[in-house]
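*Asks:* Chain order of the listed sequences is Y and L. For what it's worth, the numbering used here labels the leading residue of the first sequence as 28, then goes sequentially. For what it's worth, the numbering used here labels the leading residue of the second sequence as 28, then goes sequentially.
Treat the hints with care, since some could be wrong.
One copy or two, it doesn't matter: identical chains are merged, so the pair holds either way.
To be verified - Straight-line Cα separation of at most 25 Å, SDA-like style, residue types lysine to any residue; simulated pairs: (1) LYS161 <-> LEU94; (2) LYS218 <-> ALA77; (3) LYS309 <-> GLU333; (4) LYS142 <-> ALA501; (5) LYS135 <-> ASP357; (6) LYS215 <-> PHE228; (7) LYS218 <-> ASN430.
Note that these hints are calculated values from the structure, not bench results. Computed from a predicted model, the values in this text were never measured in an experiment.
There are 2 protein chains.
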Amino acid sequence: MDCNITVMTTDWLASHRERLDGALTAIRSRGYYSAFPESPSPRVYGETAAEDGKAAFEAHRGTTFALETPGASGTVSSEESPYGVPLDVQYPRTVENGLDELLAAAQKGLTDWRKGGIEGRVGVTLEILDRLHKRVFELAGAVQHTSGQAFVMAFQAGGAHALDRALEAIAYAYEEMSRYPATAIWEKPAKGDPIRLEKNFTVTGRGVALVIGCNTFPTWNSWPGLFASLVTGNAVIVKPHPLAVLPLAITVEVAREVLAEAGYDPNLVTLAAEHPGDGLAKPLALRPEVKLIDFTGGTEFGDWLEQNATQAEVFTEKAGVNAVIIDSTDSFKALCNNLAFTLSLYSGQMCTTTQNLFVPADGIETDEGHKTFDEVGAGIANSISKLLGDDARAVELLGGIVNQAVVNRLELAPEYGDVVLESRAITHPAYADAVVRTPLLVALDAKNEDVFSRECFGPVSFLVRTSGTAESIALFRQTVGDGGAMTAGVYSTDPAVLDEVREAALDVGVALSENLTGQVFVNQSAAFSDFHGTGANPAANATYTDGAYVASRFRVIQSRRHA
Amino acid sequence: MDCNITVMTTDWLASHRERLDGALTAIRSRGYYSAFPESPSPRVYGETAAEDGKAAFEAHRGTTFALETPGASGTVSSEESPYGVPLDVQYPRTVENGLDELLAAAQKGLTDWRKGGIEGRVGVTLEILDRLHKRVFELAGAVQHTSGQAFVMAFQAGGAHALDRALEAIAYAYEEMSRYPATAIWEKPAKGDPIRLEKNFTVTGRGVALVIGCNTFPTWNSWPGLFASLVTGNAVIVKPHPLAVLPLAITVEVAREVLAEAGYDPNLVTLAAEHPGDGLAKPLALRPEVKLIDFTGGTEFGDWLEQNATQAEVFTEKAGVNAVIIDSTDSFKALCNNLAFTLSLYSGQMCTTTQNLFVPADGIETDEGHKTFDEVGAGIANSISKLLGDDARAVELLGGIVNQAVVNRLELAPEYGDVVLESRAITHPAYADAVVRTPLLVALDAKNEDVFSRECFGPVSFLVRTSGTAESIALFRQTVGDGGAMTAGVYSTDPAVLDEVREAALDVGVALSENLTGQVFVNQSAAFSDFHGTGANPAANATYTDGAYVASRFRVIQSRRHA
């Protein structure tokens with residue numbers, strides 16, 4: 028490590044200080060804050076930004092991505108765009124017998140990284156974010172063509188919002204590491220002279236961190252853990268989902284570039300791409316050097332990690348059964364439109380999309396008078412149909428279906444009950460081979476709990492006919508308590524019902540959105556203000572982002588001597 | 028919950044506010060702070076305090092402790108005073124088939140406890156500490172006659188310092204919970220009017236916490252976890268070591284008394300005493316309701332908990348091989364005296380006592396000229412002999428041997444190498460049946476790593492003959508890296524050696540004491556300033572007390588609505 032490191036990372040910290048300070052203020056107030064503009068408009072990003080970014084994305088197609096991964100053997104190409112666009116990007120292929128070399132390389136730079144200090148590491152990570160932001164249109168293209176998100180969503184959720192979440196994680200980590208003084212004088216009163224000790228406190232990472240990415244949100248779900256681990260002094264191995272490698276390859280490339288410029292070992296951040304059948308995550312997760320694991324994906328593997336990778340702190344986001352209780356409303360149209368947007372956005376392929384809508388069999392009271400159970404279903408179905416009536420506009424909301432498993436589930440779902448709204452295949456005007464589907468809405472009786480108590484990931488939601496709001500709340504408690512949920516909502520004009528649902532949400536540990544009728548949706552969380560997941564129900568054992576998410580990613584080691 | 032709760036707990040918080048504020052300031056600066064006077068002097072505690080406390084302790088002997096534990100069946104009496112004093116206290120006996128009832132009772136008060144709010148819970152826990160402090164002499168007697176600690180040490184480590192550590196845990200938890208606002212207004216700029224949401228954030232416990240106590244430090248090692256879990260909104264089941272129940276029975280009694288006075292369910296804190304062979308900890312630890320576990324004890328069971336109780340956050344303090352590297356000194360006498368105290372205090376039965384003293388075969392440079400390896404050993408041995416020369420004074424430092432297993436280990440240890448100082452049995456002037464032993468010092472070659480790389484808990488230390496300080500440091504890295512350590516020390520006049528050992532200590536994740544020659548000892552840690560353990564080596568997966576120790580004991584659940 029040469030002395031230029033300090034100069035450079037201090038400069039970086041100084042140049043991004045305002046952004047960090049804004050984030051630090053925001054996580055204390057949890058009010059509105061955004062450091063990275065979410066609008067891809069040329070007025071914000073410049074006239075050529077979109078075009079340049081698209082060209083940069085297109086330039087990756089059919090090439091070998093210029094990344095070096097220690098221990099890798101040959102290359103692998105595994106992505107399939109939901110839009111039917113051939114990607115054919117080759118990545119270095121990590122194989123099980125290369126893990127010794129990979130882990131050794133990851134650990135090599137740890138001492139220098141520790142010596143970089145809190146502010147040094149914060150400077151480096153903020154610079155990485157800044158450079159990722161400069162490539163946000165390219166990243167949006169990469170997210171779009173791996174996850175299937177429509178472009179604007181890919182730009183926002185996969186770019187600007189993901190950067191905000193990463194910054195949030197860095198801010199929490201910075202605050203957490205800064206709780207401990209670097210030095211202290213301990214002076215104990217005693218007969219005669221006091222006893223004086225001088226003490227040093229050093230933040231040290233835990234070792235190697237593993238980030239296991241997902242198909243639907245390769246950046247948004249991976250960056251918080253990646254940056255939380257990196258900034259706290261750990262090396263990070265990123266294992267992307269085989270169907271969504273490019274966004275994380277770009278991420279790793281940028282991180283390595285910045286680390287190397289600052290004189291650190293670029294192998295502090297590596298990409299471990301695998302062939303789909305290789306099952307690399309298990310042997311990686313069980314390596315004794317791996318002390319931190321961030322995972323987004325299915326419950327089965329998340330549970331396996333929690334139960335088996337006991338040498339590591341494991342942060343998981345898994346499946347859940349998100350619920351909305353519909354009791355009554357003073358804005359029926361707005362309720363229907365709000366839920367229609369939630370169910371349609373990214374074809375319901377968000378971990379936060381509502382699956383179960385609990386509605387009394389007798390219907391509900393509204394500003395338009397009493398609505399029967401069927402009328403509530405019809406209202407939501409109509410709003411969806413209207414929202415998605417124009418194919419060209421619909422595809423910009425729906426995006427593509429991320430993989431064939433979702434299509435398979437969707438095709439089975441009509442058999443579960445009475446179809447309130449059929450799913451429709453849409454031909455994408457720009458991508459003839461894109462797989463696009465509108466949401467399916469199926470009505471079920473409360474007794475069909477075997478159906479609605481399991482996650483049916485994709486554009487499938489259930490309108491569950493309950494004996495009344497009391498049963499809706501009971502089913503909400505039961506399904507979320509047992510199956511977990513990332514989100515929950517309630518519509519009611521009755522303060523007593525709202526109180527009861529709030530209590531139920533606290534008891535089962537899920538965040539609650541009440542009477543959303545405007546431009547905020549139950550499936551969306553705002554960085555710096557909303558927590559994503561709670562860590563208090565089976566859907567996730569952690570939240571983005573709080574103290575618990577960062578505190579155990581490092582340790583404080585002291586030394587002391589007479590002063 | 029009636030409205031008096033709020034009034035009472037607010038009063039409690041107000042009346043203990045200064046104590047809390049002092050603790051909050053101290054954990055930020057990690058300078059000197061103590062809220063509970065460590066001197067048992069009548070000038071501090073009053074003329075009759077010691078006598079009253081002794082009487083209160085004595086009054087427990089031969090009685091049934093007045094505690095109710097749901098699901099308990101009959102009583103159990105399992106303690107044996109290392110001083111040979113019959114205790115014969117009966118406690119409600121928890122048995123495996125009573126766990127359903129115990130867990131149900133523990134959970135019953137959780138909702139009210141959550142509703143008590145951060146400040147309400149902090150007020151209650153501070154009041155519990157205050158009342159424990161009022162019984163500190165009684166607690167000291169209970170700690171003395173279960174752990175074998177001498178009275179003054181039992182008063183300090185088992186009373187005043189334990190209270191300080193508990194307060195430290197409460198302070199960290201208070202700060203941690205207070206990082207999140209109770210309410211927030213989120214206002215996002217938009218075309219036309221901004222979008223406004225009102226949000227609530229509620230701290231909720233994880234569920235039921237289990238504290239598994241140890242024989243040697245029943246209060247000091249249990250209170251941080253107990254209070255960290257309780258104040259963050261959890262119910263706590265305390266499972267004491269069968270040989271050290273009374274200190275925790277008093278603790279639970281006081282906690283229940285305060286909880287009940289404040290209108291909370293006293294079963295938020297329960298005692299689960301068992302018969303020595305019952306093996307209650309395993310079934311308790313695996314209960315799905317148990318979300319937090321604090322454990323102090325052997326490595327085997329600690330590892331078992333970490334690997335099997337995966338439904339819970341597990342905080343463990345296990346065995347280790349504490350080391351001191353002796354390279355050179357400018358105060359040979361002070362070095363010997365300082366180490367003699369460390370090895371003698373509580374007969375070396377602290378998890379922080381030095382086991383391995385690494386000394387070059389060629390000896391070391393000192394202010395008294397060159398000292399051979401044998402002279403270094405003799406210097407330390409002489410200091411120990413002088414320190415313990417008078418039996419009546421020696422027993423006040425040594426205390427009693429906690430249990431027969433320690434005696435057995437001690438009796439085997441002379442065979443490991445060359446005895447530098449023999450262990451001596453001392454007859455306690457006040458307790459004829461007390462088992463008292465002085466430290467044994469055995470010289471070994473560096474090649475006998477199979478001996479010194481394992482913990483030999485008790486009054487046994489090894490003087491390890493190395494080829495030089497380079498090998499001492501290498502062995503330090505190896506033994507602490509593999510076997511863990513709670514403490515480490517170095518003596519050197521060479522800044523380059525000190526730097527190298529500091530780096531080694533950071534790499535293997537152990538706290539380092541440098542050149543201690545005065546009234547501070549490597550085996551002692553000061554609450555609010557020194558961390559106890561690091562969580563960064565195999566001896567413990569957590570530290571008392573930092574952000575990571577408290578952050579995952581609760582979750583934050585939000586609700587939001589249009590404002």
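*Asks:* Which of the stated hints cannot be reconciled with the structure, identified by number in ascending sequence?
*Replies:* Hints 5, 7 contradicted; others consistent.
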